[in-house]
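Engineer: What follows is the residue order along each chain.
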Amino acid sequence: MGALSLGNIGKEYGEARAVDGITLDFPEGQLTALLGPSGCGKTTLLRMIAGLEVPTRGTITMGGRDITRVPAHKRKFGMVFQSFALFPHLSVRDNVAYALTIAGTPRGEAAARADRLLDLVQLAGLGERRIGQLSGGQRQRVAIARALAQEPDVFLLDEPMSALDAKLREEMQVELRLLQQRLGVTTIVVTHDQREAMTMADRIIVMSRGKVEQEGTPQEIYHWPATGFVAGFIGRANFMDGIARDGRIMVGEIALSLPQAARFLDGSPVQLACRPEAIRMGEGGAGANRVQGRVTFVRDLGPVRDFHLETVLGKLVVEHGSDQSTSPKIGETVHLTLPPEALRIYPRLPPQDLSGGVPSALAAE
Amino acid sequence: MTVVGHIRPAADDAPPRPERAALRWRALGLAITLLLWTVVLVLCLVPLALVLVISVGQKVEGAGWEWGFTAENYIRFLVGAQWPAETTFLYLTQLYWSMRYAVVASVIAVVTALPFTYLMTRQSRRAQALWLVFLLATLSLSEVFIVMGWDIILSNNSGLPMLFAASGLTDWLKATGWFDVLRDWGLANPRNVKFKTSEFATVLTMSYLVWPYAVILLYPALSRLDPSLAEAARTMGARPWTVARTVILPAVRLPLLGAVLLLFVFLLGGYVAVTVFADPAKHTTAVSVYEHVRGSTLNAPFGAAQSVILLVTAAVFLVIGHRLSRTSRGGG
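Protein chains in written order, with the working numbering: chain Z, 804 to 1168; chain D, 2 to 333.
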């Protein structure tokens, strides 16, 4: 088996560039999430790995063997489709046993294997059912069991949770992750949902416009987003435009200090990002990066409250535990501290290059 | 409460008007329904009833027919006019040929249209639209015109047989032994291949006639087919042919059955292709109907009886098809 590697993979549809020269390694036994907004090329990349699309350029290797031109049916990669793609004319058991049946496995043996797989996905006893008699969650389990039946070298899932309702989705994410860890199969999940990616993945690859923006563990990506796009796409962030000056960053009239500011030449345009939960609110302490803000809106989310504030830095959102005693009302003025170590800084690009859905105040929930 | 109290008096003043208007609409609806039923009655049921009545009537020598209530036309169809002294199955044989041509031609048309239509649905929207427009346009060609075309293509002196002889294909067939096989199938005379007056030519032309219909009948089902079904099968190790056999065919088996049935019923009444290409001994009930109603014998009651039997045959097949599709939908 060995690891799966992509070498400068690209795919063009006429003029449109869906995937733009991606080089990646998928370590054996790990779950990797391909995360990005719709149209970022993640599904095209997955389909090329599955052998359903032929790359325009680049190579795909599996354990050192070039499989770029190997057709899908010879790759032994199991795949779960967004629509599940279950065969409506077959029973649940026959769906799961499909790969075994067409490979010529004796009927009894294939049925026994299918029943074991159904047991694994907690559908024991439903083998006789027709696909039309199953709920969405059950269908997804059948699709997973069916893709695992051939004991795939790589397990691929294309937006596997998108057809499920929110509650079921979270349960299935945990369940799928546990199943994957138990089987130790190299898995690639395509998703546009950052919570899903963070729940399941050993490693997340954030994609935008056919390119890899960042790869890393969920924690790395959340706390050290490599680009403004990633900061906006993973979790929430307050964005501020500024200019580097004397080792600090000027946002409007305010000078903010942060460790990495010195790396930028005087006068270079930068973008700052700060997580809503990283901003401290209240009177206490002196320290750097203190501003005043007026509360304009309070959004109570149960365990936490979001405070929308009008400040000299622009509009900011601050997340605060709802159990804390300081709870300013709308119209009150509060002191805010933006801790230097919580500020992230990125070179500011011309506006059209940041069009990956990053509004200036608060992006992507 | 007070609001209701205000509205009620106003509502009490109003009722006659909306009720009368509603009544007028209902009367109009009733009139339209009646009119539609009259049209259906006059255009469909009355002619059918007339055929039924004529089929049990009696032929008048040298004239038309007269009222009666006799089964002799039906008996003649089943066991011959001389029965019980002598039994012949001439007309049943014709019905057999009707069904045989229709079954073979509709199956050929649907089976060849299936891969074409499948590949068509994988094209771009624009390409699909162009193909459909082209196929619909070919439907405007009359049956006579198409049969004439095939008549020329298959004729011994100017069509394919001539091409076979001139290109040396005939000699090659003779050298390889295929010529004798073709002779056994009735597709060659001692000198050259011949296609005219053969079951082959009849069925070929009939399936050509209905081929565009086959594509149009299969198109909706195939274009609705989720492409990821075939892709899922591929990722599970299915070769293209296995995908077709285990995924695509089962998914469209009902539309396939439906298309074959519809084209079968349509071809059951086929006339022109049979008269031009079929051996007279293998003519069909439809040809016989025409001969009895309009042709030399002028026996309208017998013609009517034959058309009733043709109609019943079609109905029987439709019922069988309906049963089949219901059982396969339920249990298969």
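Bear in mind the hints are in silico, worked out from the structure with no lab data behind them. Ideal placement from N, C-alpha and C gives every residue a C-beta, glycine not left out. Fair warning: there could be bad hints in the mix.
[To be verified] Simulated restraints on C-beta separations: (1) 221/D to 1080/Z: 52 to 58 angstroms; (2) 227/D to 1027/Z: 37 to 43 angstroms; (3) 145/D to 911/Z: 55 to 61 angstroms; (4) 911/Z to 317/D: 24 to 30 angstroms; (5) 1080/Z to 242/D: 53 to 59 angstroms; (6) 874/Z to 153/D: 41 to 47 angstroms; (7) 323/D to 824/Z: 22 to 28 angstroms; (8) 911/Z to 164/D: 54 to 60 angstroms; (9) 30/D to 1105/Z: 55 to 61 angstroms.
[Unchecked claim] Stretch-level coverage of chain Z by chain D, calculated; a stretch enters the list once three of its residues show a Cβ under 8 angstroms from a Cβ in chain D: (10) 848-857; (11) 869-879; (12) 1099-1113.
Engineer: Could one say that the CB atoms of residue 1080/Z and residue 242/D fall in the range 53 to 59 angstroms?
Structural biologist: The hinted range 53 to 59 angstroms holds for residue 1080/Z and residue 242/D, with Cβ atoms some 57 angstroms apart.
Engineer: Is it true that residue 221/D and residue 1080/Z lie within 52 to 58 angstroms of each other by Cβ?
Structural biologist: Taking Cβ atoms as reference, residue 221/D and residue 1080/Z lie about 53 angstroms apart, which means the hint holds.
Engineer: Evaluate the given range 24 to 30 angstroms for the C-beta pair formed by residue 911/Z and residue 317/D.
Structural biologist: Since residue 911/Z and residue 317/D have Cβ atoms about 41 angstroms apart, the given range 24 to 30 angstroms is violated.
Engineer: Checking C-beta pairs, does the region 1099-1113 of chain Z have three or more residues closer than 8 angstroms to chain D?
Structural biologist: violated (count 0)
Engineer: For the pair residue 911/Z and residue 164/D, does the Cβ-Cβ distance stay inside 54 to 60 angstroms?
Structural biologist: 57 angstroms, holds
Engineer: Between the beta carbons of residue 227/D and residue 1027/Z, is the distance compatible with 37 to 43 angstroms?
Structural biologist: At roughly 41 angstroms between Cβ atoms, residue 1027/Z and residue 227/D fall inside 37 to 43 angstroms, so the hint holds.
Engineer: Given a hinted range of 55 to 61 angstroms, is it respected by the beta-carbon distance of residue 145/D and residue 911/Z?
Structural biologist: Since the Cβ atoms of residue 145/D and residue 911/Z sit about 60 angstroms apart, the hinted range of 55 to 61 angstroms holds.
Engineer: CB of residue 323/D to CB of residue 824/Z, is that within 22 to 28 angstroms?
Structural biologist: Check failed, 57 angstroms falls outside 22 to 28 angstroms.
Engineer: Evaluate the given range 55 to 61 angstroms for the C-beta pair formed by residue 30/D and residue 1105/Z.
Structural biologist: 57 angstroms, holds
Engineer: Are three or more residues of the region 848-857 of chain Z within 8 angstroms, CB to CB, of chain D?
Structural biologist: holds (count 3)
Engineer: Using a Cβ cutoff of 8 angstroms, are there at least 3 residues of the region 869-879 of chain Z near chain D, or does the coverage claim fail?
Structural biologist: Check passed, 6 qualifying residues.
Engineer: Would you say the C-beta atoms of residue 874/Z and residue 153/D sit inside 41 to 47 angstroms of each other?
Structural biologist: 45 angstroms, holds
The structure does not agree with the numbered hints 4, 7, 12 stated previously, though it agrees with the rest.
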